[in-house]
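Chemist: Each chain is listed here by its residues.
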Amino acid sequence: MSNASKISVRALRKSFGSNEVLKGIDVEIAEGEVVCVIGPSGSGKSTFLRCLNKLDEITAGTVIVDGFDLTDKNVNLNTVRQHIGMVFQHFNLFPHMTVLQNIMLAPVELKKGTRQEARATAEKLLDRVGLADKAQARPAQLSGGQKQRVAIARSLAVNPDIMLFDEATSALDPEMVGEVLQVIRDLAKEGMTMVVVTHEMGFAREVADRVIFMAEGVIVEEGTPEELFGNPQQVRTQDFLSKVL
Amino acid sequence: MSAASENGFTVLRNKFRSRPGILTIALTAALALLGGSAGAGAAAASETSASVAPHTDITGETFVIATDTTFAPFEYRKDGELTGIDMDLIRAVAEREGFTVEIKSLGFDAALQALQSNQVAGVIAGMSITDERKQIFDFSDPYFDSGVQMAVAEGNNAVTGYTDLRGETVVAKRGSEGETFANSIKDEYGFTVKALADSATMYDDVKAGNSVAVFDDYPVLAYGINQNNGLKSVTDKEQGSSYGFAVNKGQNAELLAAFNTGLAELKADGEYQAILDTYLLDPAAASDTGFFGLLANSMPALMKGLGLTLLATGLSILIALVLGIVLGFFKVSPFIVLRAIATTYVSIFRGTPLLVQAFFFYFGLPQLTGQSIDVLTAGVLTLSLNAGAYMTEIVRGGIQSVDSGQTEAGRSLGLGYVTTMRRVVLPQAVKIMTPSFINQFVMTLKDTSLLAVIGFAELTYQGQQIYAANFRTGETLLIVAALYFVVITLLTTLSNKLDKRFNK
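In order, the protein sequence lines correspond to chains A and B. Per my numbering, the very first residue in the first sequence carries number 1; after that it's consecutive. Per my numbering, the very first residue in the second sequence carries number 1; after that it's consecutive.
Keep in mind that the hints were calculated from the coordinates and are not lab data. Because the structure is a prediction, the values reported are computed rather than measured. One or more of the hints may lead you astray.
[Claimed, not checked] Listed below are the simulated DSSO-like cross-link pairs for lysine-lysine, each with C-alpha atoms no more than 27 Å apart in a straight line:
#1 A:Lys54 to A:Lys134
#2 B:Lys134 to B:Lys78
#3 B:Lys267 to A:Lys134
#4 B:Lys194 to B:Lys237
#5 B:Lys431 to B:Lys497
#6 A:Lys134 to B:Lys500
Given these sequences and hints, build the entire structure.
Modeler: This is the structure we're talking about:
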């Protein structure tokens with residue numbers, strides 16, 4: 001676990017006005033590691049995730065991704081973000097584009113090869129998430145689970161080596177959770193570095209190399225799924241797990 | 001018609017020599033599009049370049065002379081052409097003295113303001129020579145001895161003299177001799193004086209019963225009564241002051257001298273008396289054509305007006321669109337300076353009345369800068385800056401109404417701010433903004449009617465000209481309103497069709 005860090009977070013603090021949401025987070029994530037972040041709502045899980053690609057400004061501390069310090073003004077955020085895919089709770093697909101256009105947008109705009117190559121990649125990714133037949137559909141015509149699979153394909157199109165999942169299944173009907181988790185599970189098997197904020201405890205236990213339990217803006221406890229779920233050390237962790245398991 | 005068009009193009013050529021600008025070019029293009037019909041209207045809109053430098057000989061020169069919109073029988077429109085005692089006099093003098101005049105029909109107050117700000121070289125508007133006015137203007141020899149007379153509605157038998165006015169309201173023309181006289185006796189007879197801007201409005205006010213009597217210059221009143229304006233005079237004329245032609249104090253002395261010389265000549269050979277007789281002894285027969293006669297007679301002038309209304313609307317909307325897009329982006333920009341610029345701009349132009357803005361750009365700005373401005377430029381400047389403020393808010397609102405998750409998705413893919421805006425946010429925002437844009441378009445088209453107050457010869461102005469001369473206010477306004485309604489309905493339908501087509 002102490003081998004070369006893919007993501008290195010040190011003394012991360014984040015305030016919205018006078019409200020401090022993150023109160024000093026330290027975390028090292030290794031290449032290929034799958035980290036699941038759990039905790040009660042309002043614990044700062046999503047904010048922590050959004051600091052990893054600087055969608056939220058960082059108030060204090062450092063976040064180093066792939067060797068790039070995100071708090072350094074000279075670092076080109078757009079370049080760094082191309083290495084970090086992000087999947088949102090509410091999908092955030094572009095409603096004015098077809099599924100294929102959604103996926104092709106970033107590779108084409110960022111000039112990652114020709115249009116034909118982008119199209120081929122997009123079709124391959126759609127096939128991989130099981131939606132090859134939806135290429136010409138509009139987001140509004142898809143179910144929630146299908147939308148989220150398209151969103152995953154879209155973030156994979158720029159070929160990232162880190163994926164961030166922000167409660168990717170929370171907005172889905174129960175019968176659609178499985179299809180999305182399957183895609184994430186496959187990515188984990190392929191060795192993608194992933195940080196997954198989730199409420200799916202079973203899933204966290206199954207795919208995570210490490211589980212982090214956050215509450216009130218701090219990391220309360222972390223460990224392997226067996227340690228954290230099987231033998232939680234902290235009272236707050238025990239409390240939380242007793243409510244959700 | 002063709003003479004008027006030629007006149008329009010002459011003015012444009014002069015403008016090119018003196019001060020070529022984007023509006024001139026746009027105007028020329030618009031003229032080419034609209035053909036001859038807009039030519040005459042544009043002439044009224046673009047007459048500028050008042051000569052203010054002293055000259056010893058004014059032969060061959062052109063002077064811009066301002067006058068009232070309608071002060072029959074001194075100035076009014078007949079079949080679209082300005083006519084009346086003042087008009088005949090100034091033209092006759094100009095012909096004798098070898099100079100040319102271009103008449104700007106602005107309204108009385110506006111004409112005086114235009115003279116003060118050197119927008120025009122002189123004013124002839126049935127203006128009484130008073131000590132107060134002599135402080136700021138130089139007057140010619142008197143060319144007409146006027147006087148104030150009172151009139152009441154035809155069916156009113158209760159008021160036969162000033163003593164019957166106790167407790168009543170009377171109306172007089174703002175800044176006129178009639179107002180001064182009415183104010184001088186109001187305490188003695190115990191009535192209230194209300195001021196309005198033109199004769200036709202005052203007569204309608206009396207007919208509608210809002211005021212019991214009107215105090216107006218007797219020739220005007222006599223002419224109106226002869227035109228069956230529904231009033232009657234019940235008292236004798238008060239001996240009043242004399243009318244004079246005015247130039248700005250200390251300026252255009254040669255023009256003033258030429259007027260005096262010409263007037264003396266006209267009086268000597270009887271042409272002066274012939275002009276007066278034409279209007280005062282033998283008033284033109286009242287037009288008693290029906291509604292469709294009025295429609296047919298007024299249509300050419302109204303179409304000219306409509307052309308200018310559309311021209312001003314088109315130019316203003318285009319400029320406002322550019323302003324709105326640029327400043328709308330300023331408003332959502334991360335930079336506080338840009339946001340402050342946009343916010344200040346919007347506050348100023350949304351926070352002041354359009355009418356005040358129009359007066360400011362046409363009268364105020366030239367006084368501050370010493371640079372005269374033509375009425376189309378001032379009008380378009382006013383409307384585009386005003387509409388631009390609303391457009392800014394429409395653009396800001398449109399951008400901000402797109403879910404922030406869309407921007408986050410774009411940025412998290414590594415797309416820059418500009419790319420995210422262009423490919424993700426704007427296509428969605430434009431769809432949201434389009435109905436508001438169409439609405440603003442219609443608002444601006446209607447707002448052009450306010451430019452009538454600075455003498456811009458658009459549709460409402462043309463309507464005012466017509467009913468000021470024929471006193472058929474209701475019918476004329478119905479025609480004007482119907483024209484606005486038809487044009488706006490057509491434009492709205494077209495816009496909505498385009499919206500449906502491109503914003504599916």
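Chemist: For each hint given before, does the structure comply? Return the numbers of the non-compliant ones in rising order.
Modeler: 1, 2 and 3
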